[in-house]
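Asks: So the chains spell out like this:
Protein chains: 2
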Amino acid sequence: MTPNQEEQRLTLSSIESLARDVLLASGISLAQADAIARNVTAAEADACRSHGVYRLLGYVRAVAGGKADGRAVPTVTPLSPAIIRVDAGRGFAPLANEMARPSLIAAAQAVGVAVLAINNCYHNSAMWVDLEPLAEAGLVSIGLTAGQRSVAPHGGSMPVFGTNPFAFGWPRPDGAPFVFDFATSAVARGEIELHQRGGKSIPLGWALDAEGRPTTDPALGLAGAMLPFGGHKGTALALMIELLAGPMIGDLTSQESFVEDEGRGSPPLGGELIIAFDPARFLGDETADHMARAETLFSSISRQDGVRLPGDRRLAARVQSAREGVLVPSRLLDELEAIRA
Amino acid sequence: MTPNQEEQRLTLSSIESLARDVLLASGISLAQADAIARNVTAAEADACRSHGVYRLLGYVRAVAGGKADGRAVPTVTPLSPAIIRVDAGRGFAPLANEMARPSLIAAAQAVGVAVLAINNCYHNSAMWVDLEPLAEAGLVSIGLTAGQRSVAPHGGSMPVFGTNPFAFGWPRPDGAPFVFDFATSAVARGEIELHQRGGKSIPLGWALDAEGRPTTDPALGLAGAMLPFGGHKGTALALMIELLAGPMIGDLTSQESFVEDEGRGSPPLGGELIIAFDPARFLGDETADHMARAETLFSSISRQDGVRLPGDRRLAARVQSAREGVLVPSRLLDELEAIRA
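Taken in sequence, the protein lines are chains C and S.
Number 1 in this note's numbering belongs to position 1 of the first sequence; there are no gaps in the numbering.
Number 340 in this note's numbering belongs to position 340 of the second sequence; there are no gaps in the numbering.
Just so you know, the hints here were simulated from the structure itself, not pulled from any lab data.
Every residue gets a Cβ at the ideal spot worked out from N, C-alpha and C, and that includes glycine.
You can take every hint at face value.
Label-pair ranges, simulated between beta-carbon atoms:
#1 S:77 with C:136: 25 to 35 Å
#2 S:77 with C:175: 29 to 39 Å
#3 C:172 with S:77: 27 to 37 Å
#4 C:136 with S:333: 54 to 64 Å
Please put together the full structure from these sequences, using the hints given.
Replies: In structure tokens, the structure reads:
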């Protein structure tokens, strides 16, 4: 890609500074802003634009709306040797994750499996960014969070679920961990929003309009209902994520989060669940041997023509971004500079 | 449904006796046979034919092939306050589950989350049958197991994964728990086998032939590669299940299980992972209130026209089966009677 007049090239450190400054100018605390800036920069580095600096507008809106607390200090409480709870205090997910992570890692190492239950938290960030450090600590992890109702169950037309992402991390002995993170909607909501901003139509199968009819208009789709991936199976997973990251840990469903928002268009308030496993507690002295068998599995997939391991594109982009920086749409940059000013 | 000449109606207790007798006549121990018979009968009761008495042929084949141990006695070992390991001794999953279940429930209740790692186990049974008792004990659970390589990654043509089912259970205050259990292949392998037995073609999107071309011929699809559900997202889940139920717990991948079988066509040998959560350890005094919010979520889905909660069809069939018994194809019944004789 070469820059055109509608895009500007920024280094990753400029991205991180810009993000921090925009957040600080919006009244968000340094601790929250730093954690968010790291998350947004990691997404830009991996060419995941829908979770990059574009998301800063959502953080600013959340605080301006008076619902989110940009200065919240998360409190971490162990509920058992295997459960860590963090009350995010209506702040944002990146800081809640960072503050709870050492306790989660210690608990998983101690008993082999541990759960982090994040409550009372605004979610506007990429979850894979929070699973990578767990993999770097040698842990396998699953991350789940709900959203605001925007996705209808397969066969229906009324939105019930959020885009309810499912994320997974696996440590690899050489190089970056294997991490995937996908919306259980057909696509991430941010994809539809970016199509809307770009004046592009969306493919059929992504969304229904408010009358339940298939649509290619991103605005009508955002006002109607998004569709789940994978039909009734994707629907089942979306429902599971609602239950695990919602009622099971005492937090909101995507419907309740929608009501709570009162139409402000803020990021969703709710829960996040991370399950961390320490393979060494299962495998003991044989850990390295069994992790090597996983590498055989990875190569049997990636060596096939036409197949890419989830995350491979992100990791390739990461190398390029570190060297060349990333392109940001000029219009978005103007909006962000206006907030920073 | 009314019986025709090609089907016979059996009561559930006749199904269970038949199953036990067929297994005992094949040299399987009473303990293994009883557990399998309960599993197969539960599947028939829920009109899940692909996991019903049809599966008995697979158990018999597994033992006749000299690889599975039909008389194995599973050994249960706690590895930590949150990990229970059961070595199935090359026996079958139902007895391994039944013997480990009390320890799993106790561990989950003690620390809030616990993992059951079943190793060295032949898998030929419906996993949801083993999650229901956990839900009846008030626990939320996830069940995962791999298989023998038969499913290609999205975009590829070489089989790598088994049909790698994903199962989930959730306790409900009134009536049967919410449980789903789906293959991460487009359909369960048993579905394709039943099409083959019935002389029916399969839809495009279920399988590729041995040259990687889409096929509607069940025999060619079984000899080639099945396809994952949900494209690259379903592929990611299938891979996650391989890793969690395989290398993470020191057990076989679906490729390794295929090699181990040496072409006998036995059920897959490998691992099974069950994660059990006790909501009461997260929610304390507020458990009932939050579980009631889950009921609101369920009803917002099931009240939509055209939408069915996963498992609803099974539960409706269960009521009918208890009253009327179930229909079994006469040809299958003849095969089973010949083994019992």
